[in-house]
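*Asks:* Residue strings, one per chain:
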Amino acid sequence: MVEQVSVFLENTAGRLAELTRVLGDAGINMRALMVADTSEFGVVRIICDMPRRAVQVLDDAGFGASIAEVLAVEVPDRPGGLADVLEALQAEGINVEYAYCFVEPSGDKAVDILRVDEPERARQALERAGVALAEASTLYELD
Amino acid sequence: MYQPEFEAMERSRLEALQLERLRDTLERVYASVPLYTRKFDEAGVKPGDVQSLDDLRRLPFTVKDDLRAAYPYGMFAAPLRDIVRVHASSGTTGQITVVGYTKGDIDRWADLMARTLVCAGATPDDVIQVSYGYGLFTGGLGVHYGSERLGATTIPISGGNTKRQVQILKDFGVTGLGATPSYALLIGETALEMGIDPRELPLRFGVFGAEPWSENMRRQIEETLGIVAIDIYGLSEVLGPGVASECLHKNGLHVNEDHFIVEIIDPETLEPVPDGEQGEVVFTTITKEGIPVIRYRTRDISRIVPGECACGRTFRRMERVSGRTDDMLIIRGVNVFPSQIEQVLTGIPGVAPHYQVVLTKRGVMDHVEVHVEVAPDIAFDEVKALEALRRTVAQEIASALAISIDVKLVEPKSIQRSEGKAKRVLDLRNEGGTA
Ligand SMILES: [Zn+2]
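Taken in sequence, the protein lines are chains D and G.
Numbering follows numbering that gives the first Met the number 0, with no gaps: position 65 of the first sequence is 64.
Numbering follows numbering that gives the first Met the number 0, with no gaps: position 425 of the second sequence is 424.
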């Protein structure tokens, strides 16, 4: 399991820019940022090098931020990589709340982030399917 | 019960007693208070016209401004020679109001406050620390006289110097506390800072009032201090503390109906509403000699809790005061009290009890949008779950207010904080606002 920063945002102009500025000023480096939104509000999900510090600085800056535990899997950066993972979970009847992916700086591997309703069963299912779970330490500093 | 012969009186006998005392009071104020002579004459009603408790509604109301205009002694029904004490309350605006008590008033007040303390479980064996302010404010002396009347050991410490409060609480073996709820909490927190866990002290109960507080705050006080926290109600224009008090069942405050007649009225139509419905609380004093008031409009919002209480008291109960009529909104012709929204929000995980009501017009219709802050540690990070949360909040608020509304979830701490009340409501209906 890895730690993702989740932030609730109203859909107002410039709010996302403020958020990224706050993190940038605190020296926090984002690996991935994903926005899910409706016409009124959005949730920003961030994988970064110092998640707990990120929550702290966002909190101080007046954002509602919290840590969410998500699964991170490393897949070869090729077509169908994510599909394999999702199929393995679907076969076990595990519900994926959301998923997104980003490419490692080295460029040969992609990291899929998955939020599932049953993390422990999901982890086992992926192990059986031969999917490698990414270690938290490869994604960010353990603080 | 301190006076079970009254507190558990059979209703029909109680109502007969109320009528007799009401008629006495009306005769007295009509004869001795010029304001009432004039008001009754203008309304075309004589004290003798009141033949039943229902006739009460034919009488004119008294408002705070009447007392202000009568400053200082103009509404006293007894000559100053018979007044043994005065108290006063400062309004947020302008003139203070003065109330006077005869020996008899002080005597009855002590009984009523002894009832209040017994409601909270007090006995003559208790040691009661009175941390309400002493002085022109009625809180300190009110609780003080009740505690002495009961025979409890009374510590008249008054408010302030919180560290000393904690020291005395501990050293004197205090078992009961009287204070405003916020001060009680401060005493608890100060004790913890001093390395004293109040839950390990003999302190058992507290009677708290004189400011609005919530169920949440009660839980906080009860947990911090390790006590039973009882809500008490009163206002100096009617008496001071001792008008109504919760019993240990904590489901509404028993009004001391042998001394006060309580009505709940619609603040717009001024007509009484049925038991159970929200409205403005109105009191008529029926034993006071110094300054009786007839149908005094408190501006406090409450309702009568229907049904009987398991404690055996027959006095009707008023619900914890949920707001002030000054805050009341009329939306599509319905009276709405925004403070009810706060009560709804404290019961829903995932949101903070901070809200703002935004009123606009959609065509000719009033449109209500309630902005609600999500909890700072947002519990959900899925759009679907947040949408479900928004719908839950909207349904709960709509059912509490009995009008349909929209809810917008907003960021934590984004709603402007202020001590004033205005920020709770943004009324743009007359400014062409359409949101
Ligand atoms: Zn009761």
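If you're looking for bench data, these hints aren't it; they were derived computationally from the structure.
Some hints here could point you the wrong way.
[Said to hold, decoys possible] Derived CB-CB ranges, DEER-like:
no.	chain 1	residue 1	chain 2	residue 2	range
1	G	MET364	D	ALA90	48 to 56 angstroms
2	D	GLU96	G	GLY311	47 to 55 angstroms
3	G	PRO211	D	GLY23	51 to 59 angstroms
4	D	PRO75	G	ALA399	22 to 30 angstroms
5	D	GLU86	G	GLY332	52 to 60 angstroms
6	G	MET364	D	PRO75	38 to 46 angstroms
Keep in mind the model is a prediction, meaning the values are calculated, not measured.
We treat Cβ as the ideally placed atom computed from N, Cα and C, and that holds for glycine.
*Asks:* Next step is simple, just say for each hint if it's right about the structure.
*Replies:* Status of the hints after comparison with the structure:
{"no.": "1", "hint": "G:MET364 x D:ALA90: 48 to 56 angstroms", "verdict": "holds (52 angstroms)"}
{"no.": "2", "hint": "D:GLU96 x G:GLY311: 47 to 55 angstroms", "verdict": "holds (54 angstroms)"}
{"no.": "3", "hint": "G:PRO211 x D:GLY23: 51 to 59 angstroms", "verdict": "violated (44 angstroms)"}
{"no.": "4", "hint": "D:PRO75 x G:ALA399: 22 to 30 angstroms", "verdict": "violated (55 angstroms)"}
{"no.": "5", "hint": "D:GLU86 x G:GLY332: 52 to 60 angstroms", "verdict": "holds (58 angstroms)"}
{"no.": "6", "hint": "G:MET364 x D:PRO75: 38 to 46 angstroms", "verdict": "violated (58 angstroms)"}
Taken one by one, the earlier hints fail for this structure at numbers 3, 4, 6, listed in ascending order.
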